[in-house]
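K.L.:
Below are the chains, spelled out letter by letter.
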Amino acid sequence: MELFVFVCASIMILVGAIGVVVRKHPVHAALSLVLTLFGIAVLFVAQEAEFLAAVQVIVYAGAIVVLFLFVIMLLGVDRVEELRTEPIAGQRWIAAFVGVAMLGLLVAAIVTGAEAVIGRGDGIASNIAGDNSDANVAQLANSVFSDYVLAFELTSVLLVIAVVGTVLLARKRKGQRVVAP
Amino acid sequence: MNALVIVPTTMWYLLLSAVLFTIGTIGVLVRRNPLVLFMCIELMLNAVNLSFVALGRRLADINGQTIVFFVLVVAAAEVVVGLGIIVSIMRRRSGVTVDDLAELKG
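Protein chains in written order, with full-length UniProt numbering: chain A, 1 to 181; chain B, 1 to 106.
Worth double-checking, as some hints may not be accurate.
Unchecked claim - Example chain A residues on the side facing chain B (calculated, C-beta under 10 Å, incomplete):
| # | residue |
| --- | --- |
| 1 | A49 |
| 2 | Y60 |
| 3 | A89 |
| 4 | G90 |
| 5 | G99 |
| 6 | V111 |
| 7 | A114 |
| 8 | I161 |
No lab work stands behind these hints: they were computed from the structure. Glycine is no exception: its CB is placed at the ideal position from the N, C-alpha and C atoms.
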């Protein structure tokens with residue numbers, strides 16, 4: 001059963017990821033990204049990270065992709081990108097070579113450390129006695145609000161800075177010439 | 001019969017994460033639309049998150065999930081700032097590819 005879930009989620013993730021790269025239309029690429037993010041959320045559930053799966057769906061698929069789509073529609077850049085011609089001669093081949101080389105390095109690193117990842121672990125939930133269903137949330141909260149509470153507070157500062165900075169960046173200044181696309 | 005059931009180990013998740021990261025890298029190198037570049041960066045971030053969660057489960061350590069939580073927050077902030085920059089650039093010019101931004105260099 002877990003194998004079935006893994007294979008289905010992997011197919012979702014890889015099809016979505018390849019769709020992001022090869023789709024000409026930015027809106028189609030964003031929708032392929034949703035497919036990938038849902039696949040990742042499924043794998044999070046399979047790995048006993050239920051809270052992160054929910055956050056993944058809400059934040060990524062719900063907020064970030066909607067933000068992408070919003071910007072695509074706002075800017076009117078939803079025209080088809082010409083993928084046939086290469087802007088720089090031989091760039092595709094170099095990119096493919098770099099990709100294959102990096103994949104080889106990553107796989108070599110994983111296989112080298114294979115004895116560390118040969119099993120799948122007992123899971124994190126086994127640390128807690130009894131089977132309460134929100135053990136994952138409780139453990140994550142214990143970690144975030146005790147060991148990493150300073151980092152947690154700093155992320156709130158980061159979010160405020162990001163929001164204020166973006167509003168300042170993207171607003172229309174007085175007397176600014178707007179070039180019609 | 002039960003012994004024949006194949007269970008996906010941590011290594012499978014790590015290999016899937018490596019493939020996803022590579023696809024994201026190739027996308028960043030090949031595509032020209034800045035929005036699609038951001039989507040490919042999201043792919044790479046998600047690949048890293050997947051490997052964090054898999055290794056956290058393997059080592060029975062909740063900190064693997066804690067760091068994914070922080071990566072999610074930082075990724076959201078990064079997308080917001082990046083899209084704000086893209087919006088303010090696109091307001092001034094009509095070009096839609098990163099090649100049109102070449103005059104940014106000195």
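K.L.:
If a hint holds in the structure, say so; if it does not, say that too.
P.N.:
Against the structure, the hints come out as follows:
no.	hint	in the structure
1	A49	holds, 5 Å
2	Y60	holds, 7 Å
3	A89	violated, 14 Å
4	G90	violated, 12 Å
5	G99	holds, 4 Å
6	V111	holds, 8 Å
7	A114	holds, 6 Å
8	I161	holds, 8 Å
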